Every structure is written in C-alpha cells, then in structure tokens.
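K.L.:
If you're matching them up, the sequences are chains A and B in order. Just so you know, we're using our numbering here: the first sequence kicks off at 4 and counts up by one. Just so you know, we're using our numbering here: the second sequence kicks off at 4 and counts up by one.
None of these hints come from the bench; they were simulated from the model. Treat the hints loosely; a few may be bogus.
Once the Cα atoms are required to be at most 27 angstroms apart in a straight line, the calculated DSS-like pairs of lysine-lysine come out as [to be verified]: (1) B/Lys12 - A/Lys122; (2) B/Lys122 - A/Lys12; (3) B/Lys75 - B/Lys122; (4) B/Lys12 - A/Lys12; (5) B/Lys12 - B/Lys75.
Keep in mind the model is a prediction, meaning the values are calculated, not measured.
There are 2 protein chains.
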Amino acid sequence: MMAWLDQVKWNSEGLVPVITQEASSGIVLMMAWMNSEALQNTVDERVAIYWSRSRARLWRKGETSGNTQKVKDISIDCDGDTLLLKVEQVGGIACHTGRHHCFFRRFEGGWSTVEPVLKDPNMLYD
Amino acid sequence: MMAWLDQVKWNSEGLVPVITQEASSGIVLMMAWMNSEALQNTVDERVAIYWSRSRARLWRKGETSGNTQKVKDISIDCDGDTLLLKVEQVGGIACHTGRHHCFFRRFEGGWSTVEPVLKDPNMLYD
Numbered sequence: 004m005m006a007w008l009d010q011v012k013w014n015s016e017g018l019v020p021v022i023t024q025e026a027s028s029g030i031v032l033m034m035a036w037m038n039s040e041a042l043q044n045t046v047d048e049r050v051a052i053y054w055s056r057s058r059a060r061l062w063r064k065g066e067t068s069g070n071t072q073k074v075k076d077i078s079i080d081c082d083g084d085t086l087l088l089k090v091e092q093v094g095g096i097a098c099h100t101g102r103h104h105c106f107f108r109r110f111e112g113g114w115s116t117v118e119p120v121l122k123d124p125n126m127l128y129d
Numbered sequence: 004m005m006a007w008l009d010q011v012k013w014n015s016e017g018l019v020p021v022i023t024q025e026a027s028s029g030i031v032l033m034m035a036w037m038n039s040e041a042l043q044n045t046v047d048e049r050v051a052i053y054w055s056r057s058r059a060r061l062w063r064k065g066e067t068s069g070n071t072q073k074v075k076d077i078s079i080d081c082d083g084d085t086l087l088l089k090v091e092q093v094g095g096i097a098c099h100t101g102r103h104h105c106f107f108r109r110f111e112g113g114w115s116t117v118e119p120v121l122k123d124p125n126m127l128y129d
C-alpha cells in the first residue's frame, strides 16, 4: 500500500468516514465511507468514489444519474481517521432523495424537513 | 427514549458520527461521535457534548480549555445515521493540536500540513 494510504487509520471494517462539502458554497452535502481502493480511485480520477456499505461494492457517485462529484481538495483530520472532500456537485443534487444535500432535517423539537425536493428521486438513486 | 432520539440510527456501539461546522465561516471544524445521552445533553444545554471513544465517557468539548462550542443548529441526514452541528467555536480553536480546525492536512501526493498552530496544544487537550 502507498505510504499516504497507510497513514489513514482505517476502522475494523477497513473504512473511513468521508465528509463531502460543496467547494463553492461550503454546504456539507453528505457523509459516506471509503476503503483504500475507493480513496486511491478518487485520487486518480478526481471524482468521488465511495464504498457502499449497503451494496458492499465501490460506488461511483452519480454513476446512474450523472450527478458526479468533481474533487477539488482532499484533507485528513488530526487523528487520521476522517476525510474531508471539497467537491463540485454536478447537477446540484447530492442526495438520493432529490435534494441539494442530505442534511435536510433540522432539529426543532423533532426532526423537521426544511429543504425542497428538486428532482424526482426515482430518477436519481446512485 | 424520546421519539426524536429513537429516530436516530445509532450504530452497533450506540453512536452516530457528528460533523461540526463553524456557523459563521462554513469551515468543517471536526468530526466526533455522540451517544443518545450526549445528543440529549447537547440539545438541552446548546453546547456540544460528545462521546469520547478513547476515554469512554461524555466529553464536554472545551471542558478544560474553555473552548466550548455553542450550538446554533442541529441537522440529521437522509439515512438518519449522521448529524451535522453548526456552532460558534469559542476561542477559535477546535483542534487539540491548537489549530482552528482538525482537517489541516491536505493531500498533495502525500498529506501536507497547511494550517498553523495558533496555541500551544499542551494548554488545550479537551
């Protein structure tokens, strides 16, 4: 394994959490996971490629919808166990619910949905 | 358990990852974890209280340094398994290394430190 990949503190499943932020707006779009292959591919291709835990395979974000994420910057935290990606979100929709980002429920005594659906999610899942 | 707490998808250890973002700047300060008690206390007190996995106890951010995080907003993602906090970072230092935020190593072929230490970290650990 490359030295820089080996410096990442992968968890017991070989994964790290990845925070993905829109470079232009600063909006946190989503949180996902990568294994070392996903991170290597992301670096090589400069588009976000995650590890889908539910499907147990590499997940090229936007692979069906075309809503890919062009990677501008990758950072790692002090403990080496979390990554931060700054991306350009192609199509403006990061969430499989058809919203701009995934953190669309705000705590207001309970969880209130505060962001609109921009596109039919049946067209999107990826 | 309160209904809204029960709607959070706690992992097998009873935790969720928490992304903490500076409300004023949009900078992602850190990633940490909460259990249900930490989240309930955070909601009640409007300051960030995490679960420290290394110390296996509630961790009131800034408990020794005074660099607390005043919580302005709490959101949950589409899957209900990640939280996003928007905070005011008292003292301007979120990272135990004495830096403004924890994502101070950028990928440039390897991990390069690109943020200055603002305060002696020996004065800070919390």
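K.L.:
Quick check: which numbered hints come out false for this structure?
P.N.:
none
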